[in-house]
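Residue numbers (our numbering), protein chains in the order written: chain A, 1 to 556; chain B, 557 to 1799.
Read the hints as simulated data drawn from the structure, not as lab findings. Be aware that one or more of the hints could be misleading.
Here are some chain A residues pointing at chain B (derived, C-beta under 10 Å) [to be verified]:
1. 22
2. 23
3. 302
4. 305
Straight-line distance between alpha carbons at most 30 Å, and here's what the computed DSBU-like set of lysine-lysine pairs gives [said to hold, decoys possible]:
5. 1445(B) with 1243(B)
6. 615(B) with 451(A)
7. 716(B) with 116(A)
8. 161(A) with 288(A)
9. 116(A) with 1295(B)
10. 716(B) with 750(B)
11. 116(A) with 697(B)
We treat Cβ as the ideally placed atom computed from N, Cα and C, and that holds for glycine.
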Amino acid sequence: MKVMAQMSMIMNLDKCIGCHTCSVTCKQAWTNRTGVEYVWFNNVETRPGVGYPRTYENQEKWGGGWVRTKRGRLKLRSGGRLSKLAHIFSNPKLPEIHDYYEPWTYDYDMLLNAPKGQQTPVARPKSLLTGEDMKISWSANWDDDLGGSLETMQDDPILQKMSEEVKAEFEKAFMFYLPRICEHCLNPSCVASCPSGAMYKRAEDGIVLVDQDQCRGWRMCVSGCPYKKVYFNHRTGKAEKCTMCYPRIEVGLPTVCSETCVGRLRYLGLVLYDADRVAEAASVEDDKALLQAQRDIILDPHDPAVIEAARAEGIPDDWIEAAQRSPIWKLMQYQVALPLHPEYRTMPMVWYIPPLSPVVDVVTGSGNDGEDARTLFAAIDKLRIPIGYLAELFTAGDIQPVDAALRRLAAMRSYMRGINLDDERDERIANAVGMTGAEVEEMYRLLAIAKYEERYVIPSAHTEQAHALEEMACSLDFEGGPGMGGAGPFGSSSGPSVPVAVENFHILADRQTADRPSTPGRVNLLNWDGNGGTEGLFPPSSTTAVRETGKRKDDK
Amino acid sequence: MTPDSRAIHPATDGPLADTLLNMGRFLRRGETSGDLRALFLEGGRSGDVFYRDRWAHDKVVRSTHGVNCTGSCSWKVYVKDGIITWETQQTDYPSVGPDSPEYEPRGCPRGAAFSWYTYSPTRVRYPYIRDTLASLYREAKQQHPDPVDAWASIVEDPEKARAYKSARGKGGLIRTTWDEALEIAAAAHVHTVKVYGPDRVAGFSPIPAMSMVSHGAGARFLNLLGGAILSFYDWYADLPVASPQVFGDQTDVPESADWWNAGYLIMWGSNVPVTRTPDAHFMTEARYRGQKVVTVSPDYTDNTKFADEWIAPHPGTDAALAMAMGHVILTEHFVQKRTARFEDYMQRYTDAPYLVTLDEHPDGLVPGKFLTASDLGGTDAAVPRADFKTVLLDQHGAPVVPGGSLGHRFTPEDEGTWNLDLGDVMPPLSVGDLADTTESAEILLPRFDLTPEAGSEHAGGTGVVRRGVPVRRVAGRLVTTVFDLLLAQYGVAREGLPGQWPTGYDDPTSPGTPAWQEELTSVPAEQAIRVGREFADNADRSGGRSMILMGAGTNHWFHSDTIYRTFLALTTMTGCQGINGGGWAHYVGQEKVRPITGYSQYATAGDWNRPPRQAIGTAFWYMATSQWRYDGLPADQLASPLARGQFDGRTTADCLVDSVKRGWMPSYPTFSRNPLDLYDEAQAAGKEPAQHIVDSLTDGSLHYAMEDPDAPENFPRVVSVWRANILGSSGKGNEYFLKHLLGTDSAIRAAESAEGSRPRDIVWRDDAAVGKLDLLMTADFRMTSTTLFSDLVFPAATWYEKHDLSSTDMHPFIHAFSPAINPPWQTRTDFDLFGGLAERFSEMARTHLGIRHDVVASPLQHDTADVMSTAHGEVRDGLPLVPGTTMAKLITVERDYPNLYERWKSLGPLTEKLGMTTKAITYHPDREIERLKQVNGVVTTGPYAGSVRLDTDQRACEMILAFSGTSNGRLAVQGFRQLEKKTGQRIAQLAEDHEGAHISFRDVQIQPRSVITSPEWSGSEHGGRRYTAFAINVEHLKPWHTLTGRQHFYLDHDWMSELGENLPVYRPPLDMHRLFGDGVPGTSGTSASGHAEVTVRYLTPHSKWSIHSEYQDNLFMLSLSRGGPTIWMSPQDAEKIGVRDNDWIESYNRNGVVVARAIVSHRMPEGTVYMYHAKDRTVDVPIAETSGLRGGIHNSLTRILLKPSHLIGGYAQLAWAFNYLGPTGNQRDEITSIRRRSQEVEY
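Use the sequences and the hints to build the structure in full.
Below, the structure written as structure tokens:
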């Protein structure tokens, strides 16, 4: 047994309101800068829908994740490392920019500076790839709130897998939201794909990162990740991805996406796992057994043997204690949380509580009392959201674990209604889903009351202070930085690469003192106003390729 | 343990790869996993530095957003090197308690993207002026060195005026200086005041709660000048008119944490995840407590995802559904069985047991007026204000005049009896409950739900239902109770009563039943029964914890007042109002200024002069934009079949004129002459000004401006807009604004009303006025339609660049705006803008104005004795003009124009001398003024030396907080003591433990602070409980501010009878086909241009990616959505016109044209389209084929329609107060045609 600690997240989809605050705060903090305009480390998908990038779940097409060979070994789906090295200069399974979306801006400047004319000024859209006028036809969230549509439903990889037919009809409309970040997998295929050894999993907390100094821009990680959560920065030519906000985590603060989640649906905490058994678990034969295999390698932090082994690995006591208090551990124990696409065999560590609602209308439509626990259970398979859809997302198609999770949520509601209205605790409801009433009440507190200190249990700082904690300040005096007198111009393609934080500040500072909003050579796509051409938006090496794809698009 | 020493599971795909990997291991320091899959690294990772540097900042500043979203969220604004980098939510709200979710975090993606605006290319950095006007002004200055003369030489020259007005909105803005911009603005104000009158100046800035000082600074300037402040809550159609009608309160609702306490929650026309994003979690979490959640929405909305049941009625038919639910509840809890809790509540807290007379009508009996003590004769009738003391029966059948009615409220003799204590009286809900009631009578009730017979569509599908009620004779009059009328209205049969009754729930022929509603709404009768039943059962079991969370989806209809009354009937009859976790929860607009008394004092300049000129926004715009010329909506077409003809031959515009002349509603400009001149005329004639005006009106030498709105002397001349985007957002009838108010191009497609359908009481001039406004000035930090069309654009500071205060309905905290950076470039706070304008104005006033006297026409006002001006709500004609009774009060106000600026920045004497009155309670902040002198300092020189300084925004914040009971416990207790005297009830304990507490501005900068329970509001936060409206009424027997002092099912004003709306009733959406000849929704055909077109209902719900037009231009929001204006439509409707998802389409009707892209979604019901609210024309809007002009905003397809019931005043709770009552700018009943357009768009 090799005990390792993993910082993990659980999102309760049953509470997700699809507001995208997480996406925005994440983008503001991390990817609001040149080269990653199209990048959303955190995005939220409306399901059914094709996701971002489009149809990323179709591994037949994109070749992400691992497959199990006949010999029972794991192989990268995209052909293994040898194949990767062989094709290092051409990577056909790489999503194009249009699979994400063609980023754009508007010539906002016209609103202020339009000369006298016959029409009301307007800011028209301009492609950030070509600088030309464009018709916006896809975005970072095109599927928003559609619940599938006639245009895209047939492309939803999940619907394609389902045997049950789902129709786009008013009466049968359903949707839910799926917020996604990097899974920080126990068995990350991106790390395994990297020919440069630039990707790594942090030993102390399992966060998967790209070493910006080592990255050579091969982009094999982009293909290798089945979740498409590694992105290519067009400006620096390097891969970037969700960092689980490690600068915050390290000081005991939750990730930006978690703390700003206004639906209060995210949980952060440690789990302990047996690193020695990861490969074994990831290579069990049956896809549907992967969930249990992954559950099995998660270690009980209260088990004295585990504690002893953890200490032996140098895991500090307050981390062990944090693992014991971890909401992740608790929610996994309640078996209401499930991994996303275990069949990719990466052992993802961002798990989800499946969405329960709506249920009662189906039941009561048949004339039964929808709030009666027994009726409720009978109706789980008649959810507005087809359970098969959830199973294809979370359990490699196995209905049973999803059904079990939903039953526990339904039982909690029914049990708590008794307390809420009549002050009665009906133990039978809890027992029917294999829990005690006390356990249901504990789960209820974690899911419903969900205080800050219980949602986020992050060691190395004390969460009672976390509200007030501020982070390490950054100095501009980095090597070669302006404080050292060595800064070059900050133009989009000129000069050596500069730490992004600094770049961002100075671009903004330039803007703040500029008389007109457009300042040639200071182009940040999210701040760009459409003036000044697009030279320098991308480094020369990638510009050509991107322009070509742009043309292909136009030819359609 | 090293990797090599452990057993290696054969996990990877082959020895060759393993070899390569092993090589890689040597290339990199660090530990590979035993099976060579993964690379672990620890320590010294220079790659990590990249992101560590990014996550860095110098300081974090607490601020918020002022955007009328109701969120009022506290944010952390991160600043690095003097640059705002981003924002995240604060999480440090005071706790809600151990057994509830907290308010943290509060915020949404819109708010999280706000900092984009700070440095965005749409940021207004400098003052701007349109070049045409700049040239004219600069030329004029050569000839007229005096700015006022220069301005006059332009606006009084028709050619010059047309030149700059017709250029509005067509680009050509150039930079100017603050000096020049303020000079022009001040000159325009001075000229207008001098020539036309101060009431020809108006200001539009909504929602003080979203930034009180920013609003108040401008309002204070205008109120010192005598300008009109336009109301917004009614104009936005956010005001639920049912609330004044039923509760006598503008709006008072539970904070969102109280949703948690509900056992049953119906979200009715309120898409909580989208429109109440920071609060939605209380709903999702309450489900885990077993709360049942029902949504009512015509489309599959975001909140339906959380609903146990989704009810999808046809748009606008919600009242029928609510009536059917009421039918079930009344049947099962009041007739078949009697639920003690509900009955008890109805007896104590509602007008249900009160007696109503039955009056003769040519066809039979109809419900008439509340029986009052004056009807009883004898000693009962001899008491003061007997005509406002309503009557019920005791358990023995004897008439009783209980305390607590309006007649007790303002009469000194009745002090201590204005309460809900019924003593030993147990009033029967029905007169039939009395053993000796033997009589019954058939009454006539109107219905509006019929399909008109072919050939008589003009009659509009009205009819009459005959139903019976038990009756008695009291003081010689035939009476029954409100409750009896209610059962009749809802079609709930009882043994032995005459009339037509449904045979059961399944009878579709008789109004009120579940089967009847099914035919109107398409909601299965079974579902209506079930939900109604569950709602009531839950209320019974939980002690009133059933809640309806309602919103704009149902409140923005023409007949929203009746829709809401049917909802409120449900929460009232089940005893849920005033109970934590129960009652109505209306959230449309951030109307709740918690420190209302302090704010009002500041904004109205009540410390210097009273009353302010506060206008009803809807009527102002209706007249100013000449929409009345196209409307011609006949009031009698809205009338009940049982009407007595009061609306005959009148349009709704005529009703407005009548209302103004009666002093019910305010109107500015008021008279056809400058009110400063009216005073001087009176002086010259040696008369009191009021008498002079009455005489002049009587002899016909003076008119109301509203009677001739196209006369140049009656134009509004100067409008200031700040914190708002009237032309890109709320302006119903946008194209009419452009033409008539601004004088520029517009896409109006309607013809003006033909002779015969024009208003009777308004002068018709064949040449409609075009370009009425001389100056439109706007302060904003971004470019909107309003700035694009403005003559002057002032660069405003953003919300991260100023000090201010914020509060909301949704949570019980007051918190602060604080500057994260100083206003960059040449931007200034609104406070500084109006300070500067006031200073320039005062300078110019010295030569042009001096000290003048102004006569303000102030309407009969709610919460004062004015509301007893119309006994029994009887509207009589030919009454002599008596200011303050049969017409507005006429009050002379001194305007010291040269000292206006000095007054603006210091506290005047009236606060101390007269106190501050809110809802009839007067606060005397004597000690607070002394303290403010210490905190703010005093003016050292000049005429007002020794006064409290209000010369900075922070000092204004301190004043607001010092002068309200919500932030100053001493005033709260002081107010409660007055209330105790009036009611004879002990109430002050709600604030006594906070008597020494005072929330300062510094306090709210540190952390959001919970407010103190204050009589300014009806709920209680005492002891850390969650705020819910009317808790004080229910628990401490304080009357509602209504006629009976109880919640009203019944309204007996004449106009309510004329409309057939005495009781809650179902009225369908306006039949635009019948009234205005529009297409019939659901039909398709070929347009005049030969395109396939479909005619659909046009709804404008709130957007996910913007709050009004704010954020709709934000690149983050555009990147997360479809990047421009869109219209959602069903696949069926799309197919009819050959439209696919994302095709360009045009939507057009008589009011204008919209160009947008289609979102085709099966979430939408056939026959209805959505264009989300406030799609401004600034981003990705091409030229329309239909008009040849830039495509319009969402409100280009709407226009203003007035409902007469909103115009009633001077009677009990139906009386005007600012934002309390007034015609709403509803926009939901509209119809549009849509076609596919050329996919080649031009900009």
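Quick rundown of the hints versus the structure:
no. : hint                 : result
1   : 22                   : 8 Å, holds
2   : 23                   : 7 Å, holds
3   : 302                  : 23 Å, violated
4   : 305                  : 16 Å, violated
5   : 1445(B) with 1243(B) : 16 Å, holds
6   : 615(B) with 451(A)   : 26 Å, holds
7   : 716(B) with 116(A)   : 17 Å, holds
8   : 161(A) with 288(A)   : 15 Å, holds
9   : 116(A) with 1295(B)  : 18 Å, holds
10  : 716(B) with 750(B)   : 21 Å, holds
11  : 116(A) with 697(B)   : 23 Å, holds
The structure fails hints 3, 4 (numbered hints given earlier, in ascending order).
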